[in-house]
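K.L.:
From first to last, the protein sequence lines stand for chains A and B. My numbering numbers the first residue of the first sequence as 1 and each following residue consecutively. My numbering numbers the first residue of the second sequence as 1 and each following residue consecutively.
If you're looking for bench data, these hints aren't it; they were derived computationally from the structure. Each residue gets a CB set at the ideal place from its N, CA and C atoms; glycine is no exception. There is no bait here: all hints are sound.
Listed below are the simulated SDA-like cross-link pairs for lysine to any residue, each with C-alpha atoms no more than 20 angstroms apart in a straight line:
1) 515(B) with 33(B)
2) 515(B) with 156(A)
3) 71(B) with 224(B)
4) 516(B) with 156(A)
Ranges between beta-carbon positions, derived for each pair:
5) 167(A) with 174(B): 32 to 40 angstroms
6) 278(B) with 22(A): 44 to 52 angstroms
7) 174(B) with 25(A): 31 to 39 angstroms
8) 49(A) with 174(B): 19 to 27 angstroms
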Amino acid sequence: MIAFVVRRLLQGVFVMLVVGFIAFSLFNFVGDPVSLMLPPEATQADRQEMRVSLGLDKPFHVQFATFVANATQGNFGISLRLGRPVSTLLVERLPATLELAIAAAVLGLFVGIPLGVFTALKRDSWTSRAILTTSLIGVSLPNFLIGIFLILIFAVWLGVLPSFGRGDTVMVGPWSTGLLTTSGLRALILPSVTLAFFPLTLVMRLVRSEMLEVLRTDYIKFARARGLTDNAVNFGHALKNTLVPVITITGLQLGGIIAFAIITETVFQWPGMGLLFIQAVQFADIPVMAAYLCLIGLIFVVINLVVDILYYVVDPRLRLDRGGTGGH
Amino acid sequence: MRPVRALALAILACLPALAAGAAPQAAGEGRKVLRYASQDDPQTLDPHAANLLSSSRVTANVYEALVWRDKAWKVIPWLATSWSQPDGRTWRFKLREGVKFHDGATLTADDVVFSAERALAPLSQMRVALQGVERAVKVDALTVDFAMREANPALLAHLTQFRIMNKAWAVKNGATAPQDYKAREDTFASRHANGTGAFMVTERQPDVRTVLAAHKDWWGRRAGMDEGNLSEVVMLPIKSNATRVAALLSGEVDFLIDPPTQDVARLRADPGIRVIEGGELRVQYVAFDVFRDDLLHGKANGKNPFKDLRVRQAVAHAIDAEAIRAKVMRGFSKPVGSILVPGVQGYSADADRRLPYDREKARKLLAEAGYADGFEVTLDAGNVQPAADIAQAVAAMLSQVGIRVRPNIVPQASYFPKIEKHDTSFYVLSWGAGVTADALYTMQALLHTPGKAGEGDFNLGRWSNPRVDELVGRMRVERDMARRDAYAREALLVAARELPLVTIHQPLIPWAMRKKVSATVSPVNTLYFYRARMD
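Build out the structure end to end from the sequences listed, making use of the hints.
P.N.:
Structure below.
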């Protein structure tokens, strides 16, 4: 187990170096940041001085080494758009994105699993059919469209929920949270529902098909024959055995939710990292883009590691026969 | 299933509580809070760090200049009450007494001298606001001299953009330079502000909101400059067009400075919303290569038809600016016949003439010039709207009179390098008179023969007229405004006759707001809060 985790960590470091390399290459191949930072009438000497002060006059490998060294200390330079340290900006925006992503993941899981179980057990009821048909919308409609529909219905027509922003936030230590104010909670509803739509339908369909599979197995039949209650059979035995793929998918989806909150954040003007990234793209704010890429890479690496460890916890069989093979 | 039902019930139980919170919060007694939305968040609050509309929309309300503009866009005394030119190389400004900064400090000559140093610093992007100025010198507590490096008769127009910051505040907070990339940390002034303006910044959260409150001690209130009644303005950036419009429709914001033009009709139809419009100080035009003897991009039997005035007149007659207004611009433009528009110093109505749309006349002129069968030419345009659509429309219109035009639409990033090398025969461009709103700036760039000192920088067809060059040269040094305007008028008349370029229209800016808000569009697309009202 420990060897497995260590191996995973080493792989993670390698992945991060590759992501860092790609992110860093942006600095060098997207354009000359100096020309963006100085006024048009700056002299050649001004430009050279700026270049030297930013270390841009050094050879590529030296610059990359400096970049990695700085990045490991969380220093990604200064945003060209906002003129502030990128690390500060990301720390400021991280709470908004995480709250949104976690709300969406919780929604996806806690609505998706029950719905999946329901549609598996009552396979032929018209409610199940209706739910399954509706779920096609979640899978097929793009995120921004769902967001705009929700805004139209709940903000413009009904006027019950805000269409943009995060409401009032409260600082809990360094963490700005919208979960403690009414306006913050109200502002969270539409974006989190929008963001949850896809993972919700995915989890639901996955649980349903796994459940259908499991319900046919012998041990379920024997459990029923023993006269166990429906709840004990369905939730205690059947559902528990569907969870391995659900954990995998949820884990990957959480990474996806954080990374692809970009669209939802833009539609709802949610002041998280995704919005920061979109605006960085428009301004060619390379330090922000690079840091964002590295951070998302890190989040995926960590989530995958956690998911792998969770397998061991959930599935006893893996503890026996996963000694040397590794990898998933 | 029980957990499902419980969850559903819990959600249902929460809804009324959440909906109850949706009722608009009762505004405090008589407080007028304007919720203002725009696409872009200001990059910085530093008045000298960036020359960007998104930033100046805030700083113009927070910081003030020595001179300013009234509603008719005429320069008026502001922080300076009077000025004179004791000699050719000096401008002397008398400062207004008792002007208070937001932190309570009183404006003195030291603040003006300091701000001039700051605006002229190497990393300042507002050096243009002090064009020609060498340095500012304190004469006494309320008198400042500007020593000129070179003459600038339009100095007052430029100075409207020179914003004054408090010296003691900047020194105390280490913000004496407009930008400091080397220090790798925030410049204090990029997130805080201390001006003399009618509004002061009380909260700044980048990409979330910027809150401005009325400045109680504003000098303008005593001097009768206050035309508004707002007590607070909440400036909200909303990037997505659809969300921004939805926020106005649902009443979550009161004012949109940049409604998407495709949604304006929808907004107009809403009984609770008012859409107003005003002219931007910008002109869209097509221009010709009149320099080369043969056509670089096109086929006309080895000749350059655009060297013939009759061909340029034919093009002007063939372009239906009214149709472009209706179809391409969705009504948001005003056909014009002069490269200066009302509001720019030097504009004169009698020089604002465009040749009438007349296809027959165009065909006749082409035949007279020897192009009865027309000719082929490429029309260059950048891939931005509306330029690209205008190029398509102009191509279709000219083909009706026999000029076969091939529109060549290239990315903006390669368009400018291309036309700046004069690698074009016929091109679409728009020119903004800029915030200085003075004729010289436009004429020097568009009409003067290209030269070494930056004259004719955007005269990319290399038209040359000795009389216009002479007039522009005189405008550069003439201090008498009436005489200067007369030179501008004569140059405009020459251009209208010789047609080195054919003007199409001036774009109009729409603003959308709830009916309870009243405001007028300013030519630089900025809302001045001290001029806005709410019922």
